[in-house]
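In order, the protein sequence lines correspond to chains P and A. Under our numbering, the first residue of the first sequence is numbered 1, with each subsequent residue one higher. Under our numbering, the first residue of the second sequence is numbered 1, with each subsequent residue one higher.
Keep in mind that the hints are not guaranteed to be accurate.
[Stated by the list, open to error] Computed list of lysine-lysine pairs in BS3-like fashion (alpha-carbon distance at most 27 Å, straight line):
| no. | chain 1 | residue 1 | chain 2 | residue 2 |
| --- | --- | --- | --- | --- |
| 1 | P | Lys-410 | P | Lys-459 |
| 2 | P | Lys-333 | P | Lys-360 |
| 3 | P | Lys-28 | A | Lys-744 |
| 4 | P | Lys-293 | A | Lys-611 |
| 5 | A | Lys-957 | A | Lys-862 |
| 6 | A | Lys-253 | A | Lys-537 |
| 7 | A | Lys-340 | A | Lys-274 |
| 8 | P | Lys-28 | A | Lys-555 |
| 9 | P | Lys-28 | A | Lys-611 |
| 10 | A | Lys-116 | A | Lys-280 |
| 11 | P | Lys-293 | A | Lys-340 |
| 12 | A | Lys-611 | A | Lys-47 |
| 13 | A | Lys-936 | A | Lys-901 |
| 14 | P | Lys-28 | A | Lys-690 |
| 15 | A | Lys-537 | A | Lys-480 |
| 16 | A | Lys-555 | A | Lys-692 |
| 17 | A | Lys-744 | A | Lys-692 |
| 18 | A | Lys-555 | A | Lys-480 |
In case anyone wonders, no lab produced these hints; they're calculated from the structure.
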Amino acid sequence: MKNIVKKFSLLLLATFTIFWSCDDFIEKEPYFATPIDNAVGSYENLQIAMTAVYNHLTDLNYLGKRFILSADIRGDDSNLNVENSNRMTSQYDYSMTSGSRDARNAWGIMYRVVNQLNFIITNIDLVEDGTQEERDHLKGEALALRAMVHFDIVRLFAQTYSLPSSASDVVVGTPDGNGGHGGVPVITSVTDDPFTFFPSRSTVKEVYDQVLSDLNASIPLMGENGPNYMGANAATAIRARVKLYKQDWAGAAEDATAVINSGNYSLLEPGDYIGSWAKENTVESIFELALNKVTYLGTTALGYMYDTRGYGDINVSNALLALYEAEDIRATKAEGEPDNGPPTTPVMFYETNGFTYTNKFPGRDGTAGLDNVRLLRLSEMYLIRAEANFEAGSSIGATPLEDINSIRGKRNASLFTTITATDIQEERRRELCFEGHRIYDITRRGEDLVRGDDYWAAKTVTFPNTDFIYPIPDAELDVNENLEQNIGYE
Amino acid sequence: MKKGLLLFLVILLGTSQILMAQTKRITGNVTSAEDGQPIPGVSITVKGTTIGTITTIDGDYQLNVPTDATTLVFSFVGMQPKETQITSLDVYNVVLEPDVIGVDEVLVVAYGTQKKESIVGSISSMRGDEKLDQVPISSLDKALQGNVAGVVATSPSGQPGGRTQVRIRGISSMGENNEPLYVIDGVPVLGTQYVSFTSESSSMASREATNPLANINPNDIESISILKDASASSLYGSRASNGVILITTKRGKRGETKFKLNTQSGFSQKTNNKYDVLNKQEYEELAAEAIVNGLGWTQEDADEYVQTNDSTDWGDVVYRDPLDAMTHSIELSATGGTEKTKFFVSGSYFTQEGHTIGTDFERYTSRVNLDHKANNKFNFGINMSVSYSEKNSNNGSSAFASPILAADLMLPNVPVFNEDGTYNNTNLGMLNNFNPVAIKDWDINSQNEVYFIGQAFAQYNFLDNLSFKTTINTEIYNLKELKYSNGAFSDGRTVGGRIREGRNTVESWTSSNVLSWDNTFNEKHNLNVLGGFEANKWQNSGIIASGTGLPETPKFRSLAAAAEPETAFTNTTEYSIVSFFSHLEYNYNNKYYVSGSVRRDGHSRFGIDNKYGNFWSAGASWRITQEKFMSNMDFLDDLKLRVSYGVVGDASGIGDYAPLGLFSYNGFTYNGNAGASFIQYANPALTWAKNKKFNTAIDFTLFSRVSGSIEYYIETSSDFLFDVPVSATTGLYSPSNEDFISPKNLGSLRNSGFEFQVRSENIRGKFTWVTDFNIALNKSEVLELPDDKDLIDGTKIRRVGEDYQSFYLRRWHRVNPDDGTPQWLDAEGNVVDSYPGSDDRVIVGSASPDFQGGITNTFSYKGFELSALVTFAVGHYIYDSWAFVMESDGGYILSVNQNDKALDRWQEPGDITDVPQLILGGNNNADRTSTRYLHKADYARLKNLRLAYNIPDNVTKSIGLDNIKVYAQGQNLLTLTDYPGKDPEVQVNGIEDWFYPPLRTITLGLTVDF
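With the hints as constraints, model all of the structure from the sequences given.
Written as C-alpha cells, this is what we have:
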C-alpha cells in the first residue's frame, strides 16, 4: 500500500517536471517555412527567394496565362468561339466590372512579385556571403524584374503613356501626352505594418520613371544566365519596349540595336521556325519562362485555351489570316487531327470544324499546355527598331525597311521595297500574334479597335476609351481608400 | 513555480500519512429507489461530526468512522435524506427515495459530475438512449439538431460520413472557427477538424473536410452535455469560447453480463423534389430562343443547331434509386462486472450507400471501457476505442468531375452512352470529358480513416474526500486517400491519367491531472474544490504524391506505375498548450450556491508578447423553493434562479504559426530549383479572442409534470483572430484563396438571446404523451471593427450595428416588361438599367435565423411508442452561389443546362417575370451577383419520426430475452419551405453550393437485450 503511494507520487513528480518548464514546450516553429530574418539573411537564401519570383511570374493570373491572353483577346487577332468555357469572355466583349476576379488576381499576383523583389533589393546589400559579382547580378535581376512587373501593372490598369490631354474625360488625373494621368502605385520597399499600408496611384510618368530607373540601374550589374532568367540583354530589350511605349524613339532604337548586336541571338532559319514552337530556348529567345511537366499549369495553361485538345476557346480572326501571303511560313495551315488537337504536319495554323486555331502552343511531348512562356524574342527587337526609326525618320542600327525585311526573309515572305507605318504594324501582328502585344500596340498608337462582322461580337472601341484598361479591383478599393477607381468602373 | 511543485508534493505525501488514525472502515453503495441505479455525489456524514464523504460515480462510498459513531446521514439534493444506525456491520447499502419528480438527473460537467439542481451554469444534456441509440446517423454530431435550445447542427453535406457544422448560441467568432470543443470522457479531442493540406500549391487543399466524429459509434454514448455559459465552460479556458460538448461513453455496471443487439436497415433519397432542371424539349426550345435572340439566326437554323435525337435525365443518372441507397447497421455490446472490475465492450458495423452514384461509407468500431478497483484507495481503468472507415466520395462541389454538378449542368439532349456502347464524352457542352457515369465507373476518390482514442486513468483517494486523478489520453487519426483520374477522359486525360495518394496523420496526447476535495461542514456547508494541470500536444503531418502517365484502365490504383512523377509534398504543423486550473463550489444547505473557476493557458499559437491567458468565471444560484416562505406554493415543485459571468477564450481560429513572419517553401520551384516566398508579416502581439459571457436563467418544475428553463444571455466576444483584408501592395496575395489578407486581433461582436426549453408530461398513465419543446432567439450585432470600416467578404458585409451574417448585394429590381432586360436599384433606390457599381450594394437580410428550435412529441401506449421531432428556423436568407450559371440570362445556355425557372423567361413585351430574356452571350449582366439569387429560407422539417414497439415482457422472458424492441423511423421526411433551391439546410453562412444534398432516410430496426 505504502509502495503504491510512493510509486504514484514518483509518477506525479515525473509528470510535473516534464511540463513545468513550459515556456519551451509552447514554442513552435514551422516545418514548411522559415522566419523572414533567415529568408533574407544570406545571399544563398535571397537566391532561393528569387527562384520563387520566377515561380510567381508563371502564375496563371500573370505571365503563365491571363496577362498574355488578355492582350490578345481584347484585340483583333483573336475571335472567342461562340461555344466557349466562359474564360476571358468579359475581356473579349469589354464587359469587365470592378468585381472581376481576373482583375483582382492579376493585381494581387503582380504586387506580390513586386513585394518579394523588394525583400531581395532591400537586403542584398546587407548580406556578406556570395561573391560581389553574384550579389550584383542578383540585385540587377531583381531591379529589372521589378521594372518589368511595374510596367505590366501600368499597362493593364492605366491608360497608355501618350494619352493626349483631350482625353481627360476617360481617365483619372490629368493627361498631357506624357504620362501625366493616373498610373498605379509604385512600391519600392517592404512595409513594416501591412494594416496601415495604403499607397495611392502615381502618375503613369512616375511609374515609367521608376521602371526606367530600375532598368538603368540593373543592366550594368548583370551578366547572362540563359534565356530562362533575367539578364542584361533581357533588361535592355525590356527597356527598348518601354521606350517604344514612351515614344522615346532614339532610346528604343538604341536599346534594340544593343540587343541585336550582342551576338547572343539570331533569327531562326525558315526550316527551323515552325518546329521551334515545340522547343525550349531557341536562338531567338531573349527571355522565356521555363515550365516543365511538374510546374506547367495543366488545364489552366495558356496553350490549353487555344488547343482543341484543351478548351479550344480561341479562333484566329479572318483579319489576321488575311495579312499573310500564302508562302509565308507563318501562314502554313492544315486540317487538325480528327479527334482534336493540332496536326502532325508542321504548320502554324490548323482548322477544325471550320474554325482556325493557332499552333503557337503545340505543347511539348504531346502534352497540351506544356509550353514555355515566350516573353522576349529577337524579332521583336527588329520590329521595335523599325518602328522607332520610322517614326523618328532615323536609321539607328539599320533602316526600317532593312529590319522588316530581315524578319520577312527568315519567314519566307516576299521582301518589301518600300515601307509604311501600317506595314510595320502589320508585320508586328504577323510575327507577334498571341504573344501578349496586340491591345497595347493599338492603344499606344492611339488607334481604334475595330472588329468586323466575322467576329462573334462585332466591336469597335474608339480611342481614347475607358474600356481599354482593367478596373482597379473592388477587393483593393474596399481596403485602400487612397486609390481612385478607373473611370467607367466606379 | 518550482516552489509550487514542492509544496504540492509535500501536501500530497503528507496527507497520505493521516490514514494512521484509529477508525473503523465502512463501505457501501447508494442507489435510487426509482430506477435502482447508483447515485453519485450522495453526501454521507457521521451524525454530529464533520466526518463525511460522497459517493463515487458508481454510487459507492467508503468512510473511516470513529469507533464511537452511531448514525450515518445520507443526503442528496432531490432525495429524501436517510439516517442509518451503525451496527457491527461494515457494509451499509442504502436506497434513497426521490423528493419530487425530475430531480435525480446527474449531469456530466467540466472535470466531474453534478446533480442538476446544484448547477450554476448553463448546461443542456441529451441522453444517448433517448436520442442516439436508434437514429440512423453516420455521425453523432448530426443528432444535436433540434434537440437542444441554442444549438444548431446543420449538415450541408449528405455525403455519408460527411461533416456537420455545430454552433452554440450563434456565431461567437468573426474568425474561421466556430466549432465547439469536444471532450470525450473528460479529455478534449479532435472534434470536427479541417484536416487538409495547407499549401498554396497543393490542389487537394480545397477538398471536403473530413470528420473524425463520424468515426465514433453513436451507440457507445451514454450522454452528451452542452456547456453554454462561462460558469459551465470556463474550466476549458482558451478553447471554451464556442461552447463545449462533453461526451460520456457507457461504462460497465456491476452485475450479471447483459448484452444488447441493435440492428437496422433502411434507404435514402433526396429531400426535396421541387428543384429541377430543364428536360430535353424545354432545353432545346430555350437554347434555340437564346440563339435567335443573341445571334439573330432564324428559328429554323437555331432549332437545327440545338436539336438532337437524344434525351437524358441526368438527375436519374446521377442519383440512385432509394433501394440502391441502402443503410445497414449492426451493433453488439456487453456490460457487466464484479465489485472489483467492470466493463463495457461494444463492436459495430455501419454501412451506407450514398444517394449519389459512386459514394458510400462503411465503418467498423470497437470499444472497451474498463474499471478496476485495486483497493478502497486506488482504482484505475482504460477507455479505448478504435474505428476504421472506408469512404468513396464525390469530387468537390464545383469540380467538373462532381456528379452533383453534372446532374445540374449536363445538357439534357445528349446521351450517356454512344451508339456503340462507349461513354459519350465529346458533346457534353462545358462538361466535355466529364461524363459522370464514366467517371464513376473509371475514377477513384476514396478515403480510409482510422481513429484511435486511448485513455488510461488512475485515481487515488488520499482521504475519503480528497482524491487525485490522472489521465493520459492518446489520439491517432489516420487518413489515407487515393484519387485516380483516368487518362481517357476526366481530369486526367491531358496527362495520360493521374493518381494522387495522400496520407494524413493527426497525433495528439493530453495529460490531465486533477486533485479534488469535498467536504460538508456542520451539515449545511458543502464545499468542493479542485485544482489541476493539463498539457496537450497536437501534430498533423501529411504527405501527398502524384504521378501521371498510367494505363487506360478503370479503377487503377498503383501510383508506382506512373510514368512521370508529378507532385511530392509533405506538410507538418503542430501546437501545444499547457494549462493550470482550479474550481471552487460552495452551497449552503442546498439552497444558496456559488461557484468560481479560473484557468491559465499558455499556447504555442500566441505571439511572444502574449504567451499566457487567464480565463475565469463566477456564478451563483438560489433554489427559491427551498425557502420556508415558498412552502405553501404546492404547484411549484422547484424554482431556481441562477446567474453567471466570466471570460473565456478562443485560440482555435488562428494558424499554428500565425504570429511569425515567414517565407514558405511550399511549391515555389522554378526550373528545377526550390524557392521560398514571403507569406506573412510578423505579429508578436497576436493573442486569443475573448468572450465575456453573461447568463441568467430560471429553472422550474410545475405541477410535478412540467419542467424547463428560460435563459437569457449576452455574450460579447472580441479580439478575434481575424483575417483582415489588406492592400495587395503589401504582397499578401494568396493565389489559392484569391485574396489579400493578414491575421489580426480585432473587432467585437455581441450575441444575445433567449432560450426556452420545456418538457411537459401532458398525459400520464397507460397512455402517455410527452412534449419537449425548445426555441432559441439569437440576435447578433457587430460592435466594433478596425477604424469602424466595413469589412466586405464576398456577398457579406461586417458593419457596426448590423447582424454578423448580413448579405451586402446590389439590388435586383425586375425584368423590364417592355424589352426583357434586367433592372436593378442603385443605392438611392432609383431604377437603373445597367449593372450597378460597388457603391450601390446595400444590406438585404441575414443568413442567421431570427429564431429556430425543435419540438418532439412522444406518445406511448402499452408497448408502442411514437415520437416526432420537428425542427424549424425562420427569418434567414440563402444566397445561391451557382444560380448565375443555372439561372443565367442565356449566356451559358449552349454549354450547360438551366434550372426550370428559365421557363418563365421574358418572351415578348408585356411579360411580367423575374427571368430576363435569354440571349446567347448574355443579357446585360443580368446573371451577375445581386439579390436576384438571394432567397428567404424559412423552413419547418419533420426531422425524425419514429414508431417503436416493445414486445411484452412475458413474451420476451419466455424465449429467454430481457427486452425486444422493433422500430421504424424516417429522417427528413417532410419539409415545408418556400425556398426555391435544393434544400433550406445549407451551411451556416447561408451560401448554397453544389453540396451533396441532405437525405431522407427511412430505416427499420431491432433492439434485443439479453
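Output the numbers, in ascending order, of every earlier hint that fails for this structure.
Hint check: 1, 4, 6, 7, 8, 10, 11, 12 and 16 fail, others pass.
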